[in-house]
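J.: Given next are the chains, with one letter for each unit.
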Amino acid sequence: MKRWLTLPTLCWCVFAIGLYGLLQLLIEIGVISVVWQITLANIGINVILAVSLNLILGISGQFSLGHAAFMGIGAYAGGIVLKMLPGYTGMLLGALAGLLISALAALVIAVPTLRLRGDYLAIATLGFGEIIRIIINNMKITNGAAGLSNIPAVANLTVIYFTIVLTLIIVCNFKNSAPGRACISIKEDEIASEAMGIPTTRYKVIAFVLGAMLASLAGVLYASSFYVIKPTYFAFAQSINILVIVVFGGMGSMTGSVVAALVLGVINYLLQSLPNERMIVYAVAIILIMVFRPKGLMGNFELSFARLKSLQDIKALPALWKDKILAVLARLKNKRQKEDA
Amino acid sequence: MSILEIRQLTKNFGGIAAVVDVDMVVEKGDLVGLIGPNGAGKTTLFNLITGVYAPTSGEIVFTPYNKAILLSGKKPWWITRQGFARTFQNIRLFKELSVLDNVRIAMHKDIKYGVFSSILRLPAYYKEEDRVFTKALELLDIVGLKEKQAELAKNLPYGQQRRLEIARALATDPTVLFLDEPAAGMNPQETADLTRLIGELRQRFGLTIILIEHDMSLVMNLCERIYVLDYGRLIAKGSPDEIKNNQKVIEAYLGEEV
Ligand SMILES: Nc1ncnc2c1ncn2[C@@H]1O[C@H](COP(=O)(O)OP(=O)(O)OP(=O)(O)O)[C@@H](O)[C@H]1O
Ligand SMILES: [Mg+2]
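Quick mapping for you: the protein sequence lines, in order, are chains A and B. Going letter by letter, the first sequence gives residues 1 to 341 in the numbering used here. Going letter by letter, the second sequence gives residues 1 to 258 in the numbering used here.
The hints are simulated quantities; they were obtained by calculation from the structure and are not laboratory data. Computed from a predicted model, the values in this text were never measured in an experiment. Some hints here could point you the wrong way.
To be verified - Among chain B residues calculated to face chain A with C-beta under 10 Å, some are:
1. 77
2. 97
3. 102
4. 106
5. 107
6. 111
7. 114
8. 121
9. 123
10. 127
11. 128
12. 132
13. 172
14. 173
Said to hold, decoys possible - Restricting the straight-line Cα-Cα distance to at most 20 Å, the calculated cross-link-like pairs of lysine to aspartate or glutamate (EDC-like) are:
15. 237(B) <-> 27(B)
16. 74(B) <-> 5(B)
17. 95(B) <-> 190(A)
18. 95(B) <-> 302(A)
19. 154(B) <-> 141(B)
20. 75(B) <-> 190(A)
21. 154(B) <-> 188(A)
22. 146(B) <-> 101(B)
23. 237(B) <-> 23(B)
24. 28(B) <-> 173(B)
25. 295(A) <-> 96(B)
26. 109(B) <-> 188(A)
27. 146(B) <-> 129(B)
28. 109(B) <-> 189(A)
29. 237(B) <-> 21(B)
30. 154(B) <-> 189(A)
31. 112(B) <-> 129(B)
32. 95(B) <-> 189(A)
33. 67(B) <-> 5(B)
34. 135(B) <-> 200(B)
35. 75(B) <-> 189(A)
36. 95(B) <-> 188(A)
37. 154(B) <-> 190(A)
38. 74(B) <-> 190(A)
39. 109(B) <-> 190(A)
40. 75(B) <-> 5(B)
Built from N, CA and C at the ideal position, the CB exists for glycine as well.
Generate coordinates for the entire structure from the input sequences, incorporating the hints supplied.
T.: Below, the structure written as structure tokens:
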């Protein structure tokens, strides 16, 4: 028997495919304009970035301030390979190169800093982000400060959509497993976690490397969606943008990251014509969230179909509703009888 | 043969000598009490044995079977994997996680699947998750928390949090169990229940137990041998009766000569 073939999984499949169908339909009939499609592509890439950072920040509790650098590695790997080899093959090869380089880079920062308890990673990744930017700025193959342009636009909304699905499957499966629980326990209490036999350094490194690799995928999609990349796109400011999405949505909640990327993306888009006011509204929105929902929009809530144990549960719903309606009617009838009496 | 041997163990925190030249020998199956006034260095001794602190000097040797293992200077997780488990005086549960997850996390060392199996949901994942789930519920049942499995750890009453810490420690499948003031904050009824539970656990899992406790009724009822620390030094060891009548111990507890 296939154990993964459960009702919740089926629900998710229906949900994912249904949403995709709806998106395509809305594009076909022209409800989603070309400008909105570009906005959606951007939002989609931000979803992947936020979910991948959430794996590091919200699950293993490690503070990274250089997430955009991994996106940059992916973007340049993708951009360079795509320019040599336009098409899906080029994109796949670029993605592979990006994954490999970002994994190696992540290992190099993580292994020495994550041995220590405390926020050394934040400082190291801050420096790392700058180093990557400077390296890209000074290399020939990356075309220095001018960046790469005319990158073949291979990625489209479909590719981005299914990369999001893939990212979510990877991160959520990881979260709901023994390695994921080990990471969460480190965030909860590192000393207790270690005392329970969990090699904390190893799991912090695993979460960090996995997060970095997924961010590089987002970079590849970015390069192959927007034609142009420059070193400044992947600097500190972008790392902060990603961080804001994660904190806004709720640390540890992947649902939160998706919703926050959507909400902030739409706010950003609607205010595009008011560049000055935009920053104010954006800042106010974040302050409001922090005041009224300090744990983020979603806290640590996760959208889940797990409560649906069997088809019986769905079939039982109408009966349940019928009972509720009858109960309400009965109460009304009682009331009227009392009033009559 | 002794299962745990501590030789000339010393720990200084700057100018404070928290543990000084402590020697201790624990036999397999022993139930040992560790007592002493506040600040005597009891918790520090546990922290040294379980690897939270590295000793300033001295050795800790663990002999679960025939082979001796040197523990001093090793990482806490590695020491736990050799067969040591502990609870904390100031309760260190994973507060935001469920009771069940607290126990499942501690079963980490005998989980036989890795990151790939979890991401790809290979058969090993399902098989192990089932086994872990069943075993975790068994442990929760033993400490009487099975019905609370879905509750967040932070929402449990104090006494139950202490029990959960014990269940979590057992989940690491220990040979030696270290309990740091397991009865602290419990009422007499809860303390009596706990005393019974500790005795049962020892039988059932063949544990060697070392416990720190201020509640003398628990210590004197349960422990066969007692070590007394004062200002970091071992001032007495022996049976409960010997300790009760030991002049040095009485002085240490009263602070002055009697
Ligand atoms: N991390 C530390 N840094 C500095 N001093 C410490 C540290 N841990 C413990 N100490 C000191 O070591 C001494 C022994 O403390 P310890 O916690 O081991 O006492 P205890 O016997 O467990 O006391 P209690 O019964 O109050 O729990 C105390 O003087 C304490 O202040
Ligand atoms: Mg103590």
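J.: If a hint holds in the structure, say so; if it doesn't, say that too.
T.: Hints, verified against the model:
At its closest, the beta carbon of residue 77(B) sits 5 Å from a beta carbon of chain A; the interface hint therefore holds under the 10 Å criterion. At about 6 Å, the closest approach between the beta carbon of residue 97(B) and any beta carbon in chain A falls short of 10 Å, and the interface hint on this residue holds. The interface hint given for residue 102(B) holds, since its Cβ lies 8 Å from the closest Cβ of chain A, which is under the 10 Å cut-off. With its C-beta approaching chain A no nearer than about 4 Å, residue 106(B) sits inside the 10 Å limit, and its interface hint holds.
Taking 10 Å as the C-beta contact cut-off toward chain A, the hint placing residue 107(B) at the interface holds, the least distance being around 8 Å. A cut of 10 Å between beta carbons decides the hint on residue 111(B): the least distance to chain A is about 5 Å, and the hint holds. This hint holds: residue 114(B) has a C-beta 7 Å from the nearest C-beta of chain A, less than the 10 Å allowed. Annotation: interface hint on residue 121(B) holds; nearest CB of chain A at approximately 5 Å, less than 10 Å.
Given the 10 Å rule on beta carbons, the hint for residue 123(B) holds: about 7 Å separates it from the nearest Cβ of chain A. For residue 127(B), the interface hint holds, since its Cβ comes within 10 Å of a Cβ in chain A; the closest pair sits about 9 Å apart. About 7 Å separates the beta-carbon of residue 128(B) from the nearest beta-carbon of chain A, less than 10 Å, and the hint is met. For the restraint placing residue 132(B) at the interface with chain A, the shortest Cβ-Cβ distance is roughly 7 Å, inside the 10 Å limit, so the hint holds.
Interface hint at residue 172(B): satisfied, since its Cβ lies 5 Å from the closest Cβ of chain A, which is below the 10 Å cut-off. The interface hint given for residue 173(B) holds, since its Cβ lies 9 Å from the closest Cβ of chain A, which is under the 10 Å cut-off. Pair hint residue 237(B) plus residue 27(B) holds up; C-alpha atoms about 14 Å apart against a cutoff of 20 Å. This hinted pair checks out: residue 74(B) and residue 5(B) have alpha carbons roughly 16 Å apart, not beyond 20 Å.
Taking the CA atoms of residue 95(B) and residue 190(A), the gap is near 12 Å; set against the 20 Å cutoff, the hint holds. A hinted pair counts as satisfied when its Cα atoms are at most 20 Å apart, and residue 95(B) with residue 302(A) qualifies at roughly 18 Å. At most 20 Å may separate the alpha-carbon atoms for a hinted pair to count; residue 154(B) and residue 141(B) meet this at roughly 19 Å. Pair hint residue 75(B) plus residue 190(A) holds up; C-alpha atoms about 13 Å apart against a cutoff of 20 Å.
Taken as a hint, the residue 154(B) and residue 188(A) pair is honoured in the structure, with Cα atoms around 12 Å apart against an allowance of 20 Å. At roughly 12 Å between alpha-carbon atoms, residue 146(B) and residue 101(B) fall within 20 Å of each other, so this suggested pair holds. About 11 Å separates the Cα atoms of residue 237(B) and residue 23(B), which keeps this hinted pair within 20 Å; it holds. Simply put, residue 28(B) and residue 173(B) have alpha-carbon atoms about 16 Å apart, close enough for the 20 Å limit, and the pair holds.
About 13 Å separates the Cα atoms of residue 295(A) and residue 96(B), which keeps this hinted pair within 20 Å; it holds. Simply put, residue 109(B) and residue 188(A) have alpha-carbon atoms about 19 Å apart, close enough for the 20 Å limit, and the pair holds. At roughly 17 Å between alpha-carbon atoms, residue 146(B) and residue 129(B) fall within 20 Å of each other, so this suggested pair holds. With a C-alpha separation of about 18 Å, the suggested pair residue 109(B) and residue 189(A) falls inside the 20 Å cut-off, and the hint holds.
Proximity of residue 237(B) to residue 21(B) is assessed by CA-CA distance (about 15 Å); at most 20 Å being required, the pair is judged to hold. Distance hint between residue 154(B) and residue 189(A) is fulfilled; the C-alpha atoms sit about 13 Å from each other, no more than 20 Å. Between residue 112(B) and residue 129(B) the CA atoms are separated by roughly 10 Å; this keeps the pair inside 20 Å, and the hint holds. Of the supplied pair hints, the one linking residue 95(B) and residue 189(A) holds, its CA atoms being roughly 9 Å apart against a limit of 20 Å.
The straight-line distance between the Cα atoms of residue 67(B) and residue 5(B) is roughly 13 Å, inside the 20 Å bound, and the hint therefore holds. Among the hinted pairs, residue 135(B) with residue 200(B) is consistent with the structure: their alpha-carbon atoms are about 18 Å apart, no more than 20 Å. For the hint linking residue 75(B) to residue 189(A), the alpha-carbon distance of about 16 Å falls within 20 Å, and the restraint holds. A hinted pair counts as satisfied when its Cα atoms are at most 20 Å apart, and residue 95(B) with residue 188(A) qualifies at roughly 7 Å.
At most 20 Å may separate the alpha-carbon atoms for a hinted pair to count; residue 154(B) and residue 190(A) meet this at roughly 17 Å. Restraint check for residue 74(B) and residue 190(A): satisfied, since their Cα atoms lie roughly 17 Å apart, inside the 20 Å limit. With a C-alpha separation of about 16 Å, the suggested pairing of residue 109(B) with residue 190(A) holds against the 20 Å cut-off. This hinted pair checks out: residue 75(B) and residue 5(B) have alpha carbons roughly 18 Å apart, not beyond 20 Å.
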